Amino acid sequence: MISPWSSCPRALRLAAALLLSTPLLDATAPATTAPAMSASVGVASAVVAPAVVAPAAPTPNAEADAPFRLAGPLVSKIDWNTRGMCSGDLDGDGRLDLALVNNDKARIDLLYQRTSDELRAVARTRIETPRWEPIIEDAPFLKESVTTGDFMYDLAIVDVNGDGRADLVYTGKRDRLAIKLQTGDGVFDERWAYDRDTPNANVGSLAVADIDADGRDDLVAMTTSAILLFRLAGEASVLPRPDKYRVSEENPQRLAARDLNGDGRLDLAYVAASSERALRVRYQDSAGDFGPELGIPVPVGAADWDILSCEGAPDELVTIKRTRSELQFTPLTGEPGSSGRRQSLAIRNHPVPKSGVDPSLYCVGDFDGDGRADVAVADANGAAIHLYRQGEAGEFSRPLEFPSLQNMSSLAVLRSSGQPDGLLVCSEKEGMVGVSRMIDGRLSFPSNIAVPGEPLVATAADLDGDGQPEVIVATKDGRRFNLEVLRGEGGSWEGGAPIKLGSIKRSPTALLAHDLNDDGSVDLAMFIPREAARFFLQQGDGEFQEIGEDDSLRTSQFEGVLPRRFGIGDFTGDGRTELLVAGKGFVRAYRVQVDGSLQIVDQANARSSLDELSGPMLFDLDGDGATELLSFFEEEGRLQVFERGSSGLYSYRESLELAPIGLLHVSVEQLGGAAGQRIMFFGKDRFWSVPPVSRGGSGELLSSYRSHLDEVAYSLFALGDLNHDGRQDIIAVDSSEHVLELLSGGCDEAWGNELFFTIFEKNRFNRSNRGSKFQPRELLLGDFNHDGRDDLVLLLHDRVLLYPQASAEGQG
2 MISPWSSCPR
12 ALRLAAALLL
22 STPLLDATAP
32 ATTAPAMSAS
42 VGVASAVVAP
52 AVVAPAAPTP
62 NAEADAPFRL
72 AGPLVSKIDW
82 NTRGMCSGDL
92 DGDGRLDLAL
102 VNNDKARIDL
112 LYQRTSDELR
122 AVARTRIETP
132 RWEPIIEDAP
142 FLKESVTTGD
152 FMYDLAIVDV
162 NGDGRADLVY
172 TGKRDRLAIK
182 LQTGDGVFDE
192 RWAYDRDTPN
202 ANVGSLAVAD
212 IDADGRDDLV
222 AMTTSAILLF
232 RLAGEASVLP
242 RPDKYRVSEE
252 NPQRLAARDL
262 NGDGRLDLAY
272 VAASSERALR
282 VRYQDSAGDF
292 GPELGIPVPV
302 GAADWDILSC
312 EGAPDELVTI
322 KRTRSELQFT
332 PLTGEPGSSG
342 RRQSLAIRNH
352 PVPKSGVDPS
362 LYCVGDFDGD
372 GRADVAVADA
382 NGAAIHLYRQ
392 GEAGEFSRPL
402 EFPSLQNMSS
412 LAVLRSSGQP
422 DGLLVCSEKE
432 GMVGVSRMID
442 GRLSFPSNIA
452 VPGEPLVATA
462 ADLDGDGQPE
472 VIVATKDGRR
482 FNLEVLRGEG
492 GSWEGGAPIK
502 LGSIKRSPTA
512 LLAHDLNDDG
522 SVDLAMFIPR
532 EAARFFLQQG
542 DGEFQEIGED
552 DSLRTSQFEG
562 VLPRRFGIGD
572 FTGDGRTELL
582 VAGKGFVRAY
592 RVQVDGSLQI
602 VDQANARSSL
612 DELSGPMLFD
622 LDGDGATELL
632 SFFEEEGRLQ
642 VFERGSSGLY
652 SYRESLELAP
662 IGLLHVSVEQ
672 LGGAAGQRIM
682 FFGKDRFWSV
692 PPVSRGGSGE
702 LLSSYRSHLD
712 EVAYSLFALG
722 DLNHDGRQDI
732 IAVDSSEHVL
742 ELLSGGCDEA
752 WGNELFFTIF
762 EKNRFNRSNR
772 GSKFQPRELL
782 LGDFNHDGRD
792 DLVLLLHDRV
802 LLYPQASAEG
812 QG
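Each residue of the sequence shown is one higher than the last, beginning at 2 in my numbering.
All the given hints hold, so there is nothing to weed out.
Here are the simulated BS3-like cross-link-like pairs (lysine-lysine), alpha carbons at most 30 Å apart as the crow flies:
1. K78 <-> K174
2. K501 <-> K430
3. K685 <-> K245
4. K585 <-> K685
5. K430 <-> K506
6. K144 <-> K174
7. K355 <-> K477
8. K174 <-> K106
9. K78 <-> K774
Honestly, the hints are just simulated from the structure, not real lab data. In this text the structure is predicted, and so the values were computed from the model without any measurement.
Can you make the complete structure from the sequences, with help from the hints?
Here it is, written out as structure tokens:
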């Protein structure tokens, strides 16, 4: 009989014999393992085994006496379609175990850490494939599994019900977000699912941390549209109702809870890999809530990120550079989300709930009467108002949801002297205009205002100066369009004679009430898609007269102008009001003459004649007392800044980095309270609150590390203390070339390469195409042998590799 070994090259037989004879790691005390290797600058000679991958051990560096000593690797055989590797004490024995999603078999694989004696005591007969394929396996894990019957995305270990036993939480295609409760003796048999949000299909969408510092871990889950914070308390077997924070990125990745501003509280952050502001952060406030989403202006080439803590110095954000050739280190200091460069602004980003494709509607007003402006947002395809109340710190809180009209077409503030602002709501679909007010802590359902005809859009303003608002509604009566002016009388609303509108083919989509000609009276601007905007001057007592009906300047240059391209301000600096229109290559200023005609008075040219501008406004951006002209260039997501020269003309100065938003309109608002004056950008599915420019914030690159290895393209990294010196080291991996580097230094020292090696070489005799070419695909660090030093675990192909730290004598 021919031995199966006889057909293998001698090197393969020796390699297999070496690995099969390696003693198991004893997790309760330092154990004997494969010969340990100290820090090396050189590529290890990789072992080629009959399996698809053959792990290679690090080789020593004769020139270095470094304290990094990796033993192993110790190998566990798993299935190919595994992901979501995480560690935790699953059985309460004080040792780190591993858990992985196994989508080949619709189950969760559990790897319990055991000593060699414990493994021999529970040894079982293994049934393998008929063909000869020896399993080279020597890692100190006892394998068990929990069936889910689902295709899973990510996995976490956390005690959900406070019974002291670790439970499993996973996201999946069917169950969305589910928990498997451990009932004792390693049995996971109670299942509960949260199915309200679409799960995120990326690994790294679950995080476990003690968010509220109550001594118990909480669960954070990131869906395709929101971050869900489940504050775990009590002994309930189901997850509590989560706090929900919207995300602005379509493909959010790598959720984590870290202290990013050094205040001792954990913040929430994720990566928007395609953005120039790649790290999106919500800072935790003193009340335990989380503020607006901020973007730190750091472009990245891969989703991994972490925080490097340095004693006596600012923490540093560690990311992979967009070219993937370097690790980059960015200090986290100053104004959160801003930059010390002039090229960016501190955007307070508020993604808003949406149930359809139509853009959201917005209104700014002090609806709760606390002297601070709030923002009301209508879901244009739903039947709800989401109210963002301004807190004492000047930031908007998580939205409160209140029922309202269906398919609303406009929102406006209803401002009465001595009262909190009301919210004027119009729904073309429901044929109704109504008013909502804050009563007993909630926004009331809109009370009806009777309107002749079919209401289209509405606004409100104090037309006669009596401190009480009038309501102006654009209506449709058959084929004719009218303007209705309604006055409040004893709790009811009464209208006068309608203002008939001629030659309108399409329904108006917005009304703006503002003094257009400096006569002290409130006038009206009406915006109509694919038609010229129309203007109505007040003649007194709420009577309006249309101007420029046959004016060729209006019909040609205001055609298609909607609120996103329109603004009002003193462009010429003479104290008079001009109408601002942004377009391709310029911002133009118009003035309403005494006779009601329009006149072009000035123009500012864009950076390029091809730049399509929107959102024109006048604002002292940097607090120097001089008003800048600002206009948004949506294609690049940048704000173009124009400054007034000695001649009085505005000329282009610079572009400040923002982001795409799908702009609907922009305004400069005095928000009151700590917020002060802000630029408010309102977009299709989010709004921004942007304060004036502040210098000295995070975003300036402090340093970077470029490998001396040729053509390295980093894909993964992790931070940990691998030599127990109290400082964080970095494990960086190039998954395309299967190379690992161990780096030390940082903070007040330059980063240096302590060790690198090729993790595996491909078996040229195996023709399997299973699995991604980018391996390893996951890594984690943890102290698996209780020596105070982090050990390394890699997930690649159908293997888990554990590299434990070795003692100075070469033992694990």
